[in-house]
Amino acid sequence: MDPISQLFLEPFQYSFMLRALIVSALVGIMCPVVGVYVVTRGLGFMGDALAHAVLPGMVGAFLLGLSPFLGAIPMAIAVALLIGYLVRRAGLAEDTSVGIIFAGLFALGLVMLTASGGIPVSLEDLLLGQVLGTSWNDVWVTLGLAVAVLALTLGLHKELVFASFDPSGASVIGLPTDALDYLLLGMLAVVVVLALQAVGVILVISMLITPAAAALLLVGNFPRAMAVAALFGVASAVVGLYLSYHYNLPSGPVMALVASGIFILAVGWKRRPAWLAQRRLATSEE
Amino acid sequence: MTTANDNPSISVEDVTVVRGGVLVLDEVSFDAGPNSLMGVVGPNGAGKSTLFNVIVSLLPPTEGRVLVHGQPIAEARQLVAYVPQHERVNWRLPMSALDVTLLGRTRRVGWFRRPGRADREAAEEALRQVQMWDRRDSLVGELSGGQRQRVFVARALAQGADVLLLDEALSGVDVASQEALLSLLVELRDQGRTIIMSSHDISHMARHCDQCLCLNCHVCACGPPAEVLTEETMLELYGHFSVLPAHGHGRSLSEHGHAHGHPHGPSENGDGHGPN
Chain A
11 MDPISQLFLE PFQYSFMLRA LIVSALVGIM CPVVGVYVVT RGLGFMGDAL AHAVLPGMVG
71 AFLLGLSPFL GAIPMAIAVA LLIGYLVRRA GLAEDTSVGI IFAGLFALGL VMLTASGGIP
131 VSLEDLLLGQ VLGTSWNDVW VTLGLAVAVL ALTLGLHKEL VFASFDPSGA SVIGLPTDAL
191 DYLLLGMLAV VVVLALQAVG VILVISMLIT PAAAALLLVG NFPRAMAVAA LFGVASAVVG
251 LYLSYHYNLP SGPVMALVAS GIFILAVGWK RRPAWLAQRR LATSEE
Chain B
78 MTTANDNPSI SVEDVTVVRG GVLVLDEVSF DAGPNSLMGV VGPNGAGKST LFNVIVSLLP
138 PTEGRVLVHG QPIAEARQLV AYVPQHERVN WRLPMSALDV TLLGRTRRVG WFRRPGRADR
198 EAAEEALRQV QMWDRRDSLV GELSGGQRQR VFVARALAQG ADVLLLDEAL SGVDVASQEA
258 LLSLLVELRD QGRTIIMSSH DISHMARHCD QCLCLNCHVC ACGPPAEVLT EETMLELYGH
318 FSVLPAHGHG RSLSEHGHAH GHPHGPSENG DGHGPN
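Chains as they are written, first to last, in this note's numbering: chain A, 11 to 296; chain B, 78 to 353.
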């Protein structure tokens, strides 16, 4: 095997690396696709909170010997809808509602983890992600949910965009804006839980908002920003996975670092010196 | 109080709104027919936005009802369009003028489908009519206040609405663009549409509207500006008449509006350029 092939193919003699690659790439697509809504609608704190708030659900599922998805996904959807409801009905400010629920549930999860005397997963893996530990079952669940989320975001694109851009105008023409908001929160919940495998509780936010923010800096068109964000997301996840394999580093933090690096490059490109931008313009006009 | 009209596009019938124990609108009734440009004037807190929200069914009235061409609004949504107040729109979404105009086709296109050629043609025609076709690829967040309003009017046209509501139509629109926007609204009125707009700028209302609804919780007056924009009405609305464009005591405002035409009210200060 030549060195280049070895660099790219060697990791996949291990099937756990293949599973990790599939899950990372799917997370890298889904997070930024929902992430462009998160960034433009200011839902970043909400996404971060969801990742923390599902901890009791995950610990509970482990204790019962179930897949952590079975605890985390219903929990995340319930928490997202509860926060959405509180913001609408209880008159609490959004960050206050989110903060109360997020801190309370995360604390509950930590207490459950300690009081239960141990589960087969370390706290560090929960917090930082352990994509190398995914099973084929996790891969299929991730794939199925990724297809569902992508189908909904693409199929309901114009309705979701309308409700995000001009909610009152969308209501006037009869779109169910509340239902669309809850749907978006539900998809956010699903995506956050799937991303936990790759980057863990603490770093979910990096996959959710960093590639999307970088794409929105560069592209002034919502569907194109979504595509570019997905590209950045996949690049972060896959490059991060390779780097973590070859340099024996934890995968979640390396993926988050690559995403941050892409964001810094995007800022640099956006603020590139005038002479560089002009030269490129001159070249393209020739 | 009610304008005589045989075939009104919009009938507001005894609309009362009570919110949090406070009477916001008190038995408001009026009709607006085709080919009419109605201005709603009144002080802050007079219930103008509440009235608009009731008309477009964002807010159910405590009592009373709104009919569009004789039908409840739920059955005539396609016919009514709403140009939102600036602060109700999320300008962070990267939307071009064409994207925004195409949103007007959302219900016609239907769920899980993408706009087709007919929708693009309707959007193009609408953008051409508001003279924004050349700026179709510009992000609306980067347009001036007046251009944004024109794009939202294009969205209403693409929707096929014949009743347009513009809440605080002139706020954030610079003085030069106000005239262009108002001429557009007059043009749309002359094509048979019903336009209802609110603004703080009474002199513009006096010059361009053919009906004025003076609102302060209840309808103080409704009719042609020359008849209703009087010192007495201003006194009832604002508690003083310094809002009049010229200090002609005892005469109607519109007589002065033509001669002087200085824009008054908060809207003249809005620079209207770019997002915040």
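None of these hints come from the bench; they were simulated from the model.
Glycine included, each C-beta is placed from N, C-alpha and C at the ideal position.
Any given hint could turn out to be false.
To be verified - So the derived label-pair ranges between C-beta atoms look like this:
(1) A:Asn231 to B:Ala257: 48 to 54 Å
(2) B:Asp103 to A:Leu91: 36 to 42 Å
(3) B:Glu219 to A:Glu134: 25 to 31 Å
(4) B:Val95 to A:Glu134: 54 to 60 Å
(5) B:Ala195 to A:Ala88: 50 to 56 Å
(6) B:Ala151 to A:Trp150: 41 to 47 Å
(7) A:Arg281 to B:Gly147: 43 to 49 Å
(8) A:Gly114 to B:Gly187: 40 to 46 Å
(9) B:Arg197 to A:Val277: 30 to 36 Å
(10) B:Gly187 to A:Leu228: 31 to 37 Å
Evaluated hints:
no. : hint                             : in the structure
1   : A:Asn231 to B:Ala257: 48 to 54 Å : violated (27 Å)
2   : B:Asp103 to A:Leu91: 36 to 42 Å  : holds (38 Å)
3   : B:Glu219 to A:Glu134: 25 to 31 Å : violated (46 Å)
4   : B:Val95 to A:Glu134: 54 to 60 Å  : holds (57 Å)
5   : B:Ala195 to A:Ala88: 50 to 56 Å  : violated (42 Å)
6   : B:Ala151 to A:Trp150: 41 to 47 Å : holds (44 Å)
7   : A:Arg281 to B:Gly147: 43 to 49 Å : violated (58 Å)
8   : A:Gly114 to B:Gly187: 40 to 46 Å : holds (42 Å)
9   : B:Arg197 to A:Val277: 30 to 36 Å : holds (35 Å)
10  : B:Gly187 to A:Leu228: 31 to 37 Å : holds (32 Å)
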